[in-house]
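Peer 1: The primary structure of each chain is shown beneath.
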Amino acid sequence: MTSQAQVAPLMAPPIDYAALAPLLIVLAAACIAVLVEAFLPRHQRWPAQVTLSVVAIGAAGLALGLYAGNGPAGITTLADSLAVDGPTLFLWGTLLALGLGSILLIADRSVEPGGALIASAASRAVVGGGAGAEGIAPPPEDRSYGTPGLAPTMQTEVFPFTLFALAGMMAFCAANDLLTMFVALEVLSLPLYIMCGLARRRRLMSQEAAVKYFLLGAFASAFFLYGLALIYGYAGSVRLTDIATAAVGTARSDALLLGGLALLVVGLMFKGSVGPFHTWTPDVYQGAPTPVTAFMAACTKVAAFGAILRVLHVAFGDTRWEWRGVLWAIAILSMVIGAVIGLTQTDIKRMIAYSSVAHAGFLLIGAISITEQGVSGTLFYLLAYGFTTLAVFGVISLVRNADGEATHLSQWAGLAKRSPIVAGVMTFLLLALAGIPLTSGFTAKFAVFSAGLGDGMAPLVVIALVASAVAAFFYVRVIVLMYFSEPAADGPTVTVPGAFTTAAITLGVIVTLLLGIVPTLALGWAGGGGFVG
Amino acid sequence: MSPTYYLLLSALLFSIGAVGVLVRRNAIVVFMCIELMLNAVNLSLVTFSRINGQLDGQVMAFFVMVVAAAEVVVGLAIIMSIFRTRRTASVDDANLLKY
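So the sequences go chain by chain: Z and W.
Counting from 1, one number per residue, gives the positions in the first sequence under the working numbering.
Counting from 1, one number per residue, gives the positions in the second sequence under the working numbering.
I should point out that these hints are in silico values taken from the structure, not numbers from a laboratory.
Being a predicted model, the structure only gives us computed values, none of them experimental.
Careful, some of the hints might be misleading.
Claimed, not checked - What follows is a set of in silico ranges between Cβ atoms, one per label pair, in the way DEER data are often shown:
1) L10(Z) / S15(W): 32 to 40 Å
2) H408(Z) / M32(W): 35 to 43 Å
3) V66(W) / R252(Z): 45 to 53 Å
4) M80(W) / H408(Z): 25 to 33 Å
5) V66(W) / R477(Z): 26 to 34 Å
6) L513(Z) / D92(W): 42 to 50 Å
7) M80(W) / V34(Z): 15 to 23 Å
8) V476(Z) / K98(W): 23 to 31 Å
9) A70(W) / D318(Z): 33 to 41 Å
10) S110(Z) / K98(W): 29 to 37 Å
Ideal Cβ placement from N, Cα and C applies to all residues, glycine included.
Model the full assembly from the supplied sequences, consistent with the hints where possible.
Peer 2: Below, the structure is given as structure tokens:
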């Protein structure tokens with residue numbers, strides 16, 4: 001062992017505050033939101049938290065715009081632990097915009113009194129889907145929030161959680177070494193686990209979703225961590241560029257490196273809900289409160305694929321011939337599982353969950369194309385998919401009956417007769433998910449598939465095309481159901497959305513449409529500079 | 001004594017934890033198995049640190065401990081809340097969400 005006596009004195013690493021400003025603003029706002037929660041009286045919290053979150057995300061977006069406006073070269077800062085380069089800036093912008101939309105959905109209190117995250121349960125008798133709830137002891141006394149008779153208050157804890165998760169996501173896709181990536185992974189996951197369990201109206205389902213997400217998520221991050229340890233043993237460092245150098249330079253056995261990569265990929269794919277590691281996705285999407293699902297579905301996917309892109313491109317780009325076969329198989333599995341099991345779903349939230357598994361497979365095609373086009377295509381796909389999904393969950397939260405959200409597909413029958421506008425918006429969004437031209441789904445798929453073709457993955461692209469054709473069937477099934485079925489007598493009503501939900505859905509629809517018609521602008525941004533090492 | 005033995009021990013502990021997660025039915029025990037996996041990783045981080053002659057691995061082990069502590073807080077809170085409503089911590093009983 002080398003002597004540690006002559007180690008140079010520790011120097012504080014220089015920090016580029018301008019580059020990190022968006023991340024720091026969101027983190028600071030999250031900390032302030034915790035204080036707001038602690039010190040403000042209950043009735044003032046909702047306006048304070050909403051204002052704080054929206055202002056913080058706006059300020060972070062402004063800081064990002066000011067920094068990116070100068071067209072900076074990619075840098076690494078904070079002792080090389082964070083890389084702020086073209087893809088990072090693009091992903092940060094995407095995350096902030098999607099985070100803003102999610103905050104609006106979460107904050108809305110008009111769709112149901114008190115919002116989806118109401119503090120005290122008015123109708124606890126409604127136990128999730130109703131089935132299998134026998135023999136469960138009635139919940140003990142609830143802490144009573146709010147005054148009886150007044151409008152129920154909301155659980156405003158969700159806002160600091162959202163901001164922390166958002167900051168974690170931003171750090172996750174900027175992380176330049178695996179340890180930072182692991183810490184960011186936990187910073188984004190832990191608030192999400194809690195947010196899943198916050199619903200009170202369907203408390204059992206929501207808590208079940210939280211437990212499943214937590215146990216499986218912790219299991220997956222343990223795999224990520226063991227992968228980190230093995231790669232540290234191989235390369236002597238967890239910095240992505242050092243791993244790349246070590247992988248090319250040494251004659252050591254690759255067992256540690258590839259074993260480490262395999263475990264690492266398990267952890268990352270879990271977060272991105274890819275292929276065989278997707279098992280949590282449908283349960284959690286269904287059980288979590290719908291605005292939280294929207295946040296999770298849109299933002300986590302962006303962050304996870306941002307990190308996957310960086311790991312594969314920066315650290316493992318040169319060894320791609322060793323691992324690509326395995327990721328081919330994972331991409332195929334993901335697309336097939338998503339498309340085929342999605343066909344059999346009867347709950348719209350689960351259906352969208354399987355659709356997200358299929359989309360993760362398409363995204364993986366872009367991510368394993370180690371070319372400029374692969375990076376820009378995947379980034380563009382993330383942008384397009386995020387906004388469409390956000391709007392889809394926004395619409396799902398509007399269709400309700402007396403028990404809460406009516407998510408069973410049979411309840412959506414004949415929706416167009418009750419509410420042509422909502423049915424029309426949903427149709428457009430589903431077509432975007434299916435990838436019909438003039439929507440962002442088509443241009444995004446085109447970008448990713450052409451990147452795949454350009455990197456010699458023609459068979460994979462053919463399979464992807466077949467899978468998207470199969471997946472299109474279940475989107476169209478919902479559309480047919482909405483337009484050509486007779487509405488059930490006791491069918492759900494469509495709530496008139498409040499300003500916040502309307503704004504979020506409109507944002508999603510407009511972006512989906514714009515990216516479908518004039519994709520060049522965003523494609524240009526997405527292609528703005530590669531990863532720095 | 002060769003440090004390799006510690007790596008083997010770490011792999012063994014990690015596998016015991018992983019198998020435990022898959023076969024045990026009580027959420028608390030499943031969670032303890034996950035903690036075992038994290039600590040197995042700490043052992044291998046420290047061993048690699050020794051093999052490589054650096055301190056980095058030991059510092060990383062501290063990071064892992066902090067994260068694991070945060071995870072315990074959140075995890076136990078979630079398991080507590082589901083125990084309060086269901087009066088059981090068995091992962092088999094939570095079966096509202098399927099197919």
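Peer 1: Each hint needs a verdict: does it hold in this structure or not?
Peer 2: Going down the list of hints, with the structure as the test:
no. : hint                         : result
1   : L10(Z) / S15(W): 32 to 40 Å  : holds (37 Å)
2   : H408(Z) / M32(W): 35 to 43 Å : holds (38 Å)
3   : V66(W) / R252(Z): 45 to 53 Å : violated (31 Å)
4   : M80(W) / H408(Z): 25 to 33 Å : holds (31 Å)
5   : V66(W) / R477(Z): 26 to 34 Å : violated (48 Å)
6   : L513(Z) / D92(W): 42 to 50 Å : holds (46 Å)
7   : M80(W) / V34(Z): 15 to 23 Å  : holds (21 Å)
8   : V476(Z) / K98(W): 23 to 31 Å : holds (26 Å)
9   : A70(W) / D318(Z): 33 to 41 Å : holds (35 Å)
10  : S110(Z) / K98(W): 29 to 37 Å : holds (32 Å)
Consistency with the previously given hints fails for numbers 3 and 5, ordered from lowest to highest.
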